[in-house]
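Student: Given only the sequences and the hints, what does the whole structure look like? Please build it.
Residues per chain, in single letters:
Protein chains: 4
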Amino acid sequence: MMSRKICISVIGSGNSDGTLSPQIAKIANDVGREIAKRGAVLICGGLGGVMTEAAKGAKEEGGFTIGIIPDDDPDSANPFIDISLPTGLGFARNGLVAYSGDVIIAVSGRLGTLSEISYAVIKKKPVIGIHTWDLEQLFDRMGPDDKKFYSDSIIKCESAKEAVDKAFAIIKKK
Amino acid sequence: MMSRKICISVIGSGNSDGTLSPQIAKIANDVGREIAKRGAVLICGGLGGVMTEAAKGAKEEGGFTIGIIPDDDPDSANPFIDISLPTGLGFARNGLVAYSGDVIIAVSGRLGTLSEISYAVIKKKPVIGIHTWDLEQLFDRMGPDDKKFYSDSIIKCESAKEAVDKAFAIIKKK
Amino acid sequence: MMSRKICISVIGSGNSDGTLSPQIAKIANDVGREIAKRGAVLICGGLGGVMTEAAKGAKEEGGFTIGIIPDDDPDSANPFIDISLPTGLGFARNGLVAYSGDVIIAVSGRLGTLSEISYAVIKKKPVIGIHTWDLEQLFDRMGPDDKKFYSDSIIKCESAKEAVDKAFAIIKKK
Amino acid sequence: MMSRKICISVIGSGNSDGTLSPQIAKIANDVGREIAKRGAVLICGGLGGVMTEAAKGAKEEGGFTIGIIPDDDPDSANPFIDISLPTGLGFARNGLVAYSGDVIIAVSGRLGTLSEISYAVIKKKPVIGIHTWDLEQLFDRMGPDDKKFYSDSIIKCESAKEAVDKAFAIIKKK
Numbered sequence: 001m002m003s004r005k006i007c008i009s010v011i012g013s014g015n016s017d018g019t020l021s022p023q024i025a026k027i028a029n030d031v032g033r034e035i036a037k038r039g040a041v042l043i044c045g046g047l048g049g050v051m052t053e054a055a056k057g058a059k060e061e062g063g064f065t066i067g068i069i070p071d072d073d074p075d076s077a078n079p080f081i082d083i084s085l086p087t088g089l090g091f092a093r094n095g096l097v098a099y100s101g102d103v104i105i106a107v108s109g110r111l112g113t114l115s116e117i118s119y120a121v122i123k124k125k126p127v128i129g130i131h132t133w134d135l136e137q138l139f140d141r142m143g144p145d146d147k148k149f150y151s152d153s154i155i156k157c158e159s160a161k162e163a164v165d166k167a168f169a170i171i172k173k174k
Numbered sequence: 001m002m003s004r005k006i007c008i009s010v011i012g013s014g015n016s017d018g019t020l021s022p023q024i025a026k027i028a029n030d031v032g033r034e035i036a037k038r039g040a041v042l043i044c045g046g047l048g049g050v051m052t053e054a055a056k057g058a059k060e061e062g063g064f065t066i067g068i069i070p071d072d073d074p075d076s077a078n079p080f081i082d083i084s085l086p087t088g089l090g091f092a093r094n095g096l097v098a099y100s101g102d103v104i105i106a107v108s109g110r111l112g113t114l115s116e117i118s119y120a121v122i123k124k125k126p127v128i129g130i131h132t133w134d135l136e137q138l139f140d141r142m143g144p145d146d147k148k149f150y151s152d153s154i155i156k157c158e159s160a161k162e163a164v165d166k167a168f169a170i171i172k173k174k
Numbered sequence: 001m002m003s004r005k006i007c008i009s010v011i012g013s014g015n016s017d018g019t020l021s022p023q024i025a026k027i028a029n030d031v032g033r034e035i036a037k038r039g040a041v042l043i044c045g046g047l048g049g050v051m052t053e054a055a056k057g058a059k060e061e062g063g064f065t066i067g068i069i070p071d072d073d074p075d076s077a078n079p080f081i082d083i084s085l086p087t088g089l090g091f092a093r094n095g096l097v098a099y100s101g102d103v104i105i106a107v108s109g110r111l112g113t114l115s116e117i118s119y120a121v122i123k124k125k126p127v128i129g130i131h132t133w134d135l136e137q138l139f140d141r142m143g144p145d146d147k148k149f150y151s152d153s154i155i156k157c158e159s160a161k162e163a164v165d166k167a168f169a170i171i172k173k174k
Numbered sequence: 001m002m003s004r005k006i007c008i009s010v011i012g013s014g015n016s017d018g019t020l021s022p023q024i025a026k027i028a029n030d031v032g033r034e035i036a037k038r039g040a041v042l043i044c045g046g047l048g049g050v051m052t053e054a055a056k057g058a059k060e061e062g063g064f065t066i067g068i069i070p071d072d073d074p075d076s077a078n079p080f081i082d083i084s085l086p087t088g089l090g091f092a093r094n095g096l097v098a099y100s101g102d103v104i105i106a107v108s109g110r111l112g113t114l115s116e117i118s119y120a121v122i123k124k125k126p127v128i129g130i131h132t133w134d135l136e137q138l139f140d141r142m143g144p145d146d147k148k149f150y151s152d153s154i155i156k157c158e159s160a161k162e163a164v165d166k167a168f169a170i171i172k173k174k
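Protein chains in written order, with the working numbering: chain A, 1 to 174; chain B, 1 to 174; chain C, 1 to 174; chain D, 1 to 174.
Wrong hints could be hidden among the right ones.
Just so you know, same-sequence chains aren't split out, so a pair can sit in one copy or run between any two.
Claimed, not checked - Keeping only pairs whose Cα atoms sit at most 30 angstroms apart, straight-line, the calculated DSBU-like set for lysine-lysine is:
no., residue 1, residue 2
1, K156, K123
2, K26, K147
3, K148, K37
4, K161, K37
5, K123, K173
6, K5, K147
7, K156, K173
8, K37, K5
9, K125, K37
10, K156, K172
11, K161, K5
12, K5, K26
13, K172, K56
14, K148, K56
15, K147, K37
16, K166, K37
17, K125, K147
It should be emphasised that the hints constitute simulated quantities derived from the structure, not laboratory data.
Tutor: Now the structure itself:
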């Protein structure tokens, strides 16, 4: 009896400054929907912005959502989180979000997302990015081996469906 | 739409030294079963001993299980874990197990369990104990206020069913 | 060139509720003084109560102090801390305080101290206790091997000088 | 009595794959020397590569060094570390290195360094970079406010002396 569920972590900015664009919100919602449609669990940081939109999308399709939150109060999670895991670790919880997904999907994002991408690539987790950081841009001072490594570290996609399709293609190959 | 599930954390020793008694293993299994029967999610540290027995019991009743594990490899979780959350935090993950339950049920346990009980009581989480540490035993140097506080900090039970019944009685009152 | 300094962690309650007794404050101050007199670095949780008194004592003797604090603002440390290490980890920083000392000296203490003692004993760090938790009290349900283990896990002392003398005797033997 | 020391965190790659160039090693060593000459404490991740070179430089000038290390064994620190703080947190210790410096100096670096830069900028810590990541390169999808923010987030320097001079100029202004 092996009951492990497929988990996909969705990362992206938290919108604490209210600047999340409707375009990014729509993509995050669609990513959540696509994950739920395929029966996978959505893991995220449990707060606002991309995290809320993705969890909302997953719940709209009857999915299951987990929020790994920075403070120690489970009620800090957004209302679309089925299981709120309060860590009390502040931004150190970012590593946990990165480690917990079989694949990581990054939608836009700022510095917290950048730390999560760093952790995910350190741990050799597949990262799929939609309008997010691009480690490849920083290559001019690096040698060809590094160039290849960082170029491969984030798989770029344009749409939610393409991203989730690629995530499942990677999971099936494992 | 508020979808938060009821979560109960089960803590207890990991049996790395092979000394878990059949009596404690049975209690842990029964605790897992009783949690699953009532539709709550079982959270644990994801490894062996009480954690394996409780998760196994929950799965035998069709429940849902989460393992918050100390290392960064999700495959370190026992086979009865639905969602393995690798933290890479070592024993610092003990706090997360304590914070994540609406109620904590301790079954036996050694030093890791003692740290989890400490964290749970710090955060005012209800702790129900079966054959576990007893903070009340240490009271001789304390004043009457402390005595009352520590005496109330762990609700003692003798059986799995009694423990889970009390857990749900507490959750309903909230 | 090997420059590692001897470090002693002093743990005990933070006095957030104003109940630290003058007797315990005096012992904590004396522990800090004795550590500084012997040229060791004092590590603590950096906040109030026993942590402030011990750091104050160390500074009064020209010692060196480190505070590993729970929040992310270095200015939260008490004024007797030379180096404030903000962790942003909340109570998860307790493990770091326990791991960082060559020996741990516990002076009184409540639940945070109990978690630190748990972590220290897990990592086989020598723990010296003055008017603090006594794991031995919890032995009635344990077999003789456990009894011996827990009985040896905290070395009981009555005075600051005795505690620091024992700490250095242990360090010299290593 | 306020005894807080000035602390500068030096971050950069750990050279576990043996690719640290002599040029970067020299810069890291010089950064350590310059910090020590000015009487500040050097904080780093305590391991190899840039961390070893910087700590070595600081000790060669009679400085004081702290290593915040990922595992729980203080002896994992490099031999130029005065105080080894074992965290047992794995890469989650990166946040602590970033939070602990009054200023952060990044020398080259890979993914761990990128996570540390992310944390430092989140916490509004001044970051000085020598041949390191450049958040500004990632700006094409961002608006002018973001462009300005990220452009200012890392102060670029070419030499160790310039970097440490700028660090102290920032510290004096506070």
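Student: Determine for every hint whether it applies to the structure shown.
Tutor: Status of each hint after checking the structure:
| no. | hint | verdict |
| --- | --- | --- |
| 1 | K156 - K123 | both (19 angstroms within a copy, 29 angstroms between copies) |
| 2 | K26 - K147 | between (32 angstroms within a copy, 24 angstroms between copies) |
| 3 | K148 - K37 | neither (34 angstroms within a copy, 40 angstroms between copies) |
| 4 | K161 - K37 | within (11 angstroms within a copy, 37 angstroms between copies) |
| 5 | K123 - K173 | within (18 angstroms within a copy, 39 angstroms between copies) |
| 6 | K5 - K147 | neither (34 angstroms within a copy, 40 angstroms between copies) |
| 7 | K156 - K173 | within (19 angstroms within a copy, 42 angstroms between copies) |
| 8 | K37 - K5 | both (14 angstroms within a copy, 20 angstroms between copies) |
| 9 | K125 - K37 | within (22 angstroms within a copy, 35 angstroms between copies) |
| 10 | K156 - K172 | within (19 angstroms within a copy, 44 angstroms between copies) |
| 11 | K161 - K5 | both (20 angstroms within a copy, 28 angstroms between copies) |
| 12 | K5 - K26 | both (26 angstroms within a copy, 26 angstroms between copies) |
| 13 | K172 - K56 | both (26 angstroms within a copy, 27 angstroms between copies) |
| 14 | K148 - K56 | neither (36 angstroms within a copy, 32 angstroms between copies) |
| 15 | K147 - K37 | neither (36 angstroms within a copy, 37 angstroms between copies) |
| 16 | K166 - K37 | within (15 angstroms within a copy, 37 angstroms between copies) |
| 17 | K125 - K147 | both (18 angstroms within a copy, 29 angstroms between copies) |
Of the numbered hints given earlier, the model fails hints 3, 6, 14, 15; all others are met.
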